[in-house]
Amino acid sequence: MKYIINHKIFTLFLTFIWCILCGSFSIHAIIIGLVISSIAIFLGCHIPGGAQYLHSLNVSFFNFLKFMFILFIDIYISTFKMFKLIFTSNINPRLVPIKTSLNNDWSIFFLANAITLTPGTVTVNRKGNKLLILTTYPEESNKIVNQSLVNALSKGVKH
Amino acid sequence: MFEIIGYIIISIGLIFMLIGLIGLLKFKNFYSRVLVSSIIDTASFITIIIGVIFIKGISFFSLKIILILLLMLFLNPLATHTIARNANISGLRIGDDN
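Going line by line, the protein sequences match chains A and B.
Under this note's numbering, think of the first position of the first sequence as 1, with each following residue one higher.
Under this note's numbering, think of the first position of the second sequence as 160, with each following residue one higher.
No wet-lab data here; the hints were simulated from the structure.
You can trust all of the hints, since none of them are fake.
Each computed BS3-like pair below joins lysine-lysine, with the alpha-carbon atoms no more than 27 Å apart:
#1 130(A) / 66(A)
#2 99(A) / 143(A)
#3 8(A) / 158(A)
#4 155(A) / 127(A)
#5 187(B) / 81(A)
#6 223(B) / 66(A)
#7 187(B) / 84(A)
#8 66(A) / 158(A)
#9 155(A) / 130(A)
#10 81(A) / 185(B)
#11 158(A) / 143(A)
#12 66(A) / 215(B)
#13 66(A) / 99(A)
#14 155(A) / 66(A)
#15 99(A) / 130(A)
#16 66(A) / 143(A)
#17 8(A) / 155(A)
#18 99(A) / 155(A)
#19 8(A) / 223(B)
#20 185(B) / 84(A)
#21 8(A) / 66(A)
Computed from a prediction, not measured in an experiment: that's the story for all the values here.
Work out the full structure: start from the sequences and follow the hints.
Okay, here's the thing in structure tokens:
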């Protein structure tokens with residue numbers, strides 16, 4: 001029971017997804033969704049190694065939305081940069097190691113995911129808070145990752 | 160009105176996909192292809208989904224489409240990362256396959 005109280009927002013989110021899949025927001029669908037999502041979270045907390053990650057996830061909703069907004073703008077800006085590089089045949093891939101100021105697993109996961117989503121940069125490997133990035137932009141290594149993205153993540157996802 | 164805007168946005172997404180494919184066929188190097196391919200599976204995919212949402216309006220259909228978009232935002236980087244990481248670990252150096 002304590003797991004479900006700890007993850008009340010996550011339970012509501014799963015219920016919302018259940019209602020979308022059912023195609024209605026009736027009381028019947030909401031109750032079934034609540035039961036199924038509670039069972040899912042209960043089982044998720046009891047698989048070996050699952051509890052420590054689920055317990056530490058604490059997402060602040062509005063900061064996370066801000067992160068998504070910055071990410072979408074970043075994706076389109078780098079798409080147009082890549083178009084320029086494609087038509088001038090100027091792609092020179094190189095591997096660049098960078099060190100992030102983030103220090104918990106969830107935010108590093110979201111950052112690595114965001115880096116791979118942006119056209120022109122791919123996360124290749126990770127050790128602690130050091131990421132190995134495959135990139136093509138002819139810039140200094142501190143400009144590869146958008147700093148406002150990291151700031152939004154450090155506020156949005158807490159350990 | 161919204162339908163026309165939706166079709167225009169989907170066409171922009173298809174143009175993104177076309178330019179991505181041109182890049183994919185133009186470069187012969189593996190790492191360059193990995194970098195270019197993310198134009199197709201993120202930028203053009205997101206644009207096409209936004210176009211479909213414009214056509215259908217606010218309904219359960221568009222909510223389901225947004226769910227698919229969220230899933231793909233997590234699954235696409237996973238595939239790209241796995242391919243690039245395995246190439247790096249197996250010892251393929253940049254410029255080896257020119």
